[in-house]
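There are 2 protein chains.
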Amino acid sequence: MIIIGEKINSTLKSVRPAIEKYDAAAIQSLAKRQSEAGASYIDLNAGMFYQDEPDRLEWLVKTVQEVVSTPLAIDSPNPKALLRGLQANKNGKPIINSITDEKERFDAVLPLILEYNTSVIALCMDDTGMPETEADRMKIAESLISKLTKSGVKLDDIYIDPLIRPIGTGSHYGRVAIETMRMVKKEYPDVHITCGLSNISFGIPLRKIMNQAFLVAATAAGMDGAILDPLDKKLMTFLYAAEALIGRDDYCMNYLTQFREGNLVE
Amino acid sequence: MIIIGEKINSTLKSVRPAIEKYDAAAIQSLAKRQSEAGASYIDLNAGMFYQDEPDRLEWLVKTVQEVVSTPLAIDSPNPKALLRGLQANKNGKPIINSITDEKERFDAVLPLILEYNTSVIALCMDDTGMPETEADRMKIAESLISKLTKSGVKLDDIYIDPLIRPIGTGSHYGRVAIETMRMVKKEYPDVHITCGLSNISFGIPLRKIMNQAFLVAATAAGMDGAILDPLDKKLMTFLYAAEALIGRDDYCMNYLTQFREGNLVE
Numbered sequence: 137m138i139i140i141g142e143k144i145n146s147t148l149k150s151v152r153p154a155i156e157k158y159d160a161a162a163i164q165s166l167a168k169r170q171s172e173a174g175a176s177y178i179d180l181n182a183g184m185f186y187q188d189e190p191d192r193l194e195w196l197v198k199t200v201q202e203v204v205s206t207p208l209a210i211d212s213p214n215p216k217a218l219l220r221g222l223q224a225n226k227n228g229k230p231i232i233n234s235i236t237d238e239k240e241r242f243d244a245v246l247p248l249i250l251e252y253n254t255s256v257i258a259l260c261m262d263d264t265g266m267p268e269t270e271a272d273r274m275k276i277a278e279s280l281i282s283k284l285t286k287s288g289v290k291l292d293d294i295y296i297d298p299l300i301r302p303i304g305t306g307s308h309y310g311r312v313a314i315e316t317m318r319m320v321k322k323e324y325p326d327v328h329i330t331c332g333l334s335n336i337s338f339g340i341p342l343r344k345i346m347n348q349a350f351l352v353a354a355t356a357a358g359m360d361g362a363i364l365d366p367l368d369k370k371l372m373t374f375l376y377a378a379e380a381l382i383g384r385d386d387y388c389m390n391y392l393t394q395f396r397e398g399n400l401v402e
Numbered sequence: 137m138i139i140i141g142e143k144i145n146s147t148l149k150s151v152r153p154a155i156e157k158y159d160a161a162a163i164q165s166l167a168k169r170q171s172e173a174g175a176s177y178i179d180l181n182a183g184m185f186y187q188d189e190p191d192r193l194e195w196l197v198k199t200v201q202e203v204v205s206t207p208l209a210i211d212s213p214n215p216k217a218l219l220r221g222l223q224a225n226k227n228g229k230p231i232i233n234s235i236t237d238e239k240e241r242f243d244a245v246l247p248l249i250l251e252y253n254t255s256v257i258a259l260c261m262d263d264t265g266m267p268e269t270e271a272d273r274m275k276i277a278e279s280l281i282s283k284l285t286k287s288g289v290k291l292d293d294i295y296i297d298p299l300i301r302p303i304g305t306g307s308h309y310g311r312v313a314i315e316t317m318r319m320v321k322k323e324y325p326d327v328h329i330t331c332g333l334s335n336i337s338f339g340i341p342l343r344k345i346m347n348q349a350f351l352v353a354a355t356a357a358g359m360d361g362a363i364l365d366p367l368d369k370k371l372m373t374f375l376y377a378a379e380a381l382i383g384r385d386d387y388c389m390n391y392l393t394q395f396r397e398g399n400l401v402e
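Just so you know, the protein sequences line up as chains R and F, in that order. Mapping the first sequence onto the numbering used here, position 186 (from 1) lands on 322, and the numbers just tick up by one. Mapping the second sequence onto the numbering used here, position 122 (from 1) lands on 258, and the numbers just tick up by one.
Hint data in this document are derived by calculation from the structure and do not stem from the laboratory. All figures in this text were calculated on a predicted structure; none of them were measured in a lab. Among the hints, a few may not be true.
[To be verified] Some chain F residues well away from chain R (every beta-carbon gap over 10 Å; in silico): (1) THR147; (2) SER150; (3) ASN214.
[Said to hold, decoys possible] The calculated DSSO-like cross-link candidates involving lysine-lysine, where the alpha carbons are at most 27 Å apart (straight line), are: (4) F/LYS370 with R/LYS370; (5) F/LYS239 with F/LYS229; (6) F/LYS198 with F/LYS239; (7) F/LYS322 with R/LYS275; (8) R/LYS344 with F/LYS344; (9) R/LYS370 with F/LYS344; (10) F/LYS216 with F/LYS198; (11) F/LYS344 with R/LYS369; (12) R/LYS322 with F/LYS321; (13) F/LYS321 with F/LYS290; (14) F/LYS322 with R/LYS344; (15) R/LYS157 with R/LYS216; (16) F/LYS369 with R/LYS369; (17) F/LYS322 with R/LYS321; (18) F/LYS321 with R/LYS321; (19) R/LYS198 with R/LYS157; (20) F/LYS370 with R/LYS344; (21) F/LYS275 with R/LYS322; (22) F/LYS321 with R/LYS275; (23) R/LYS216 with R/LYS286; (24) R/LYS275 with R/LYS226; (25) R/LYS290 with R/LYS322; (26) R/LYS229 with R/LYS216; (27) R/LYS239 with R/LYS229; (28) R/LYS286 with R/LYS321; (29) F/LYS226 with F/LYS157; (30) R/LYS369 with F/LYS370; (31) R/LYS283 with R/LYS344; (32) R/LYS321 with F/LYS157; (33) R/LYS370 with F/LYS229; (34) F/LYS226 with F/LYS198; (35) R/LYS322 with R/LYS286; (36) F/LYS344 with F/LYS369; (37) F/LYS322 with R/LYS322.
Note that the Cβ used here is the ideal one computed from N, Cα and C, for glycine as well.
Input sequences plus hints: build the corresponding full structure.
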């Protein structure tokens with residue numbers, strides 16, 4: 137599983153003050169701990185500071201790469217902020233989080249992918265809004281994959297995110313997300329599938345349980361990337377269990393190693 | 137989800153003495169508690185007492201139906217024991233656990249299904265043994281469904297169990313079980329899918345986590361029956377979460393009700 141560590145995000149109440157006060161030590165600690173916990177990418181988001189998001193995103197990039205060499209997920213809907221983050225990046229090939237099939241956003245982000253040779257998370261959303269059914273999401277995924285590959289982006293650099301809507305607002309949204317993942321992975325085995333897990337449980341009780349269940353169901357449907365908190369040991373336990381369960385972990389070696397190292401919790 | 141409560145089973149060390157000593161109060165307590173916890177069937181198994189299994193199974197049936205009206209799962213590979221259990225049954229339509237595609241066992245159990253008008257759990261196993269791949273399991277499932285329906289058993293009375301082998305003995309066994317479930321449910325939407333969950337985790341650490349993960353993945357693949365311990369609140373929490381997640385629980389009403397009644401735990 138390609139783990140995108142989500143902790144350095146200005147939308148998180150516990151993290152926002154550290155970005156606000158340019159608290160490098162706090163940010164660097166979060167970066168190091170996520171990296172040690174197995175993050176393949178460290179996500180960096182300063183989107184709540186819309187006055188000076190580009191400055192702050194650049195600061196996050198510079199601050200984090202002082203202490204870890206883990207590749208970065210440069211996270212913004214704002215192409216200007218993405219550009220500043222990419223210009224500052226020295227941690228190997230980054231991933232842009234994210235592009236959509238909205239014309240204006242697509243046209244603004246595509247040149248950044250090509251110029252900075254990045255991977256990219258592509259959200260199943262276009263100018264008509266957020267699609268309702270799995271067929272509609274699949275159509276947008278196909279459109280995104282087609283346009284990106286025609287522009288020279290490799291399949292292996294594309295991470296399709298079906299967009300997770302809370303099951304509390306529509307009982308079908310979990311099934312729709314899971315089935316979209318299955319369809320995309322079947323049609324494009326070389327494309328990666330990812331998503332932000334926690335939106336699924338917004339507004340319902342025992343959110344952690346629902347997030348753990350969704351992680352398992354999505355992994356079984358072909359999700360091979362996940363934007364999550366790698367410091368959440370329980371969630372990571374379900375991640376390793378899900379990978380062993382669906383046969384992605386030969387002889388359960390990784391599960392057993394993680395267990396022996398004390399990283400799994402019941 | 138059709139829950140088959142697995143607690144009254146002579147293979148369980150904690151339960152065996154109660155069957156051995158004909159401890160009606162202990163057995164009746166297990167029956168009542170499982171029924172209250174939502175069991176659709178109470179499984180009764182006296183298989184460890186091979187000297188007098190039919191007598192003991194009959195005793196279990198009579199003992200349990202003194203206190204609950206929940207239908208029973210008469211659990212034995214031994215047709216003589218099944219017959220005695222069925223003769224004693226007064227709790228409505230029972231389910232036989234189980235038939236296989238082994239010729240001798242099939243021919244002995246089929247008449248009991250027909251004479252006593254029961255549902256039946258059909259294990260994907262034949263005279264060549266336990267099949268390795270999902271295609272081989274599907275072939276046996278098709279053979280069982282075809283023979284049962286030709287004999288007059290309704291699709292809705294058949295519960296296919298793909299047979300769960302421990303992922304500790306083969307990393308592919310989880311995937312094989314899950315994919316078999318998906319194939320059977322796709323081909324025969326009216327047939328039920330069930331399994332005994334806990335075999336998946338035999339021999340690996342943190343078995344409960346793996347069982348919870350497997351319950352979620354199997355439910356997402358179409359499993360609509362499960363042989364499990366309904367007194368395990370954590371497992372039941374994942375069951376309700378999985379059903380809400382895949383859209384089987386309109387407006388998450390059942391999940392929310394169970395939460396309000398204090399039946400869910402994090």
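Hints and how they fare:
1. THR147: 23 Å, holds
2. SER150: 20 Å, holds
3. ASN214: 33 Å, holds
4. F/LYS370 with R/LYS370: Answer holds: F/LYS370 to R/LYS370 is near 14 Å, not above 27 Å.
5. F/LYS239 with F/LYS229: Holds, because 25 Å separates the two Cα atoms, which is no more than 27 Å.
6. F/LYS198 with F/LYS239: Not OK: F/LYS198 and F/LYS239 at ~31 Å, beyond 27 Å, violated.
7. F/LYS322 with R/LYS275: Within the cut-off at roughly 23 Å; holds.
8. R/LYS344 with F/LYS344: At roughly 17 Å apart (the allowed maximum being 27 Å), F/LYS344 and R/LYS344 satisfy the hint.
9. R/LYS370 with F/LYS344: Holds - the C-alpha atoms of F/LYS344 and R/LYS370 are around 13 Å apart, at most 27 Å.
10. F/LYS216 with F/LYS198: 17 Å, holds
11. F/LYS344 with R/LYS369: Holds, because 15 Å separates the two Cα atoms, which is no more than 27 Å.
12. R/LYS322 with F/LYS321: The hint holds at about 19 Å.
13. F/LYS321 with F/LYS290: It holds: about 15 Å lies between the C-alpha atoms, which stays within 27 Å.
14. F/LYS322 with R/LYS344: 31 Å, violated
15. R/LYS157 with R/LYS216: Given that 27 Å is the threshold and the Cα spacing comes to 22 Å, the pair holds.
16. F/LYS369 with R/LYS369: Distance ~21 Å between F/LYS369 and R/LYS369 Cα, so the pair holds.
17. F/LYS322 with R/LYS321: Measuring from Cα to Cα gives roughly 19 Å; hence the hint holds.
18. F/LYS321 with R/LYS321: Holds, at about 21 Å.
19. R/LYS198 with R/LYS157: 15 Å, holds
20. F/LYS370 with R/LYS344: Holds. F/LYS370 to R/LYS344 sits at ~13 Å (cutoff 27 Å).
21. F/LYS275 with R/LYS322: 23 Å, holds
22. F/LYS321 with R/LYS275: Satisfied, since the Cα-Cα distance of roughly 26 Å is no more than 27 Å.
23. R/LYS216 with R/LYS286: Holds, because 24 Å separates the two Cα atoms, which is no more than 27 Å.
24. R/LYS275 with R/LYS226: Distance of about 35 Å is beyond 27 Å: violated.
25. R/LYS290 with R/LYS322: 17 Å, holds
26. R/LYS229 with R/LYS216: OK: R/LYS229 and R/LYS216 at ~19 Å, within 27 Å.
27. R/LYS239 with R/LYS229: 25 Å, holds
28. R/LYS286 with R/LYS321: 19 Å, holds
29. F/LYS226 with F/LYS157: The hint holds at about 24 Å.
30. R/LYS369 with F/LYS370: 17 Å, holds
31. R/LYS283 with R/LYS344: 36 Å, violated
32. R/LYS321 with F/LYS157: 55 Å, violated
33. R/LYS370 with F/LYS229: 41 Å, violated
34. F/LYS226 with F/LYS198: At roughly 8 Å apart (the allowed maximum being 27 Å), F/LYS198 and F/LYS226 satisfy the hint.
35. R/LYS322 with R/LYS286: 20 Å, holds
36. F/LYS344 with F/LYS369: 12 Å, holds
37. F/LYS322 with R/LYS322: Roughly 16 Å between the alpha carbons, so the hint for F/LYS322 and R/LYS322 holds.
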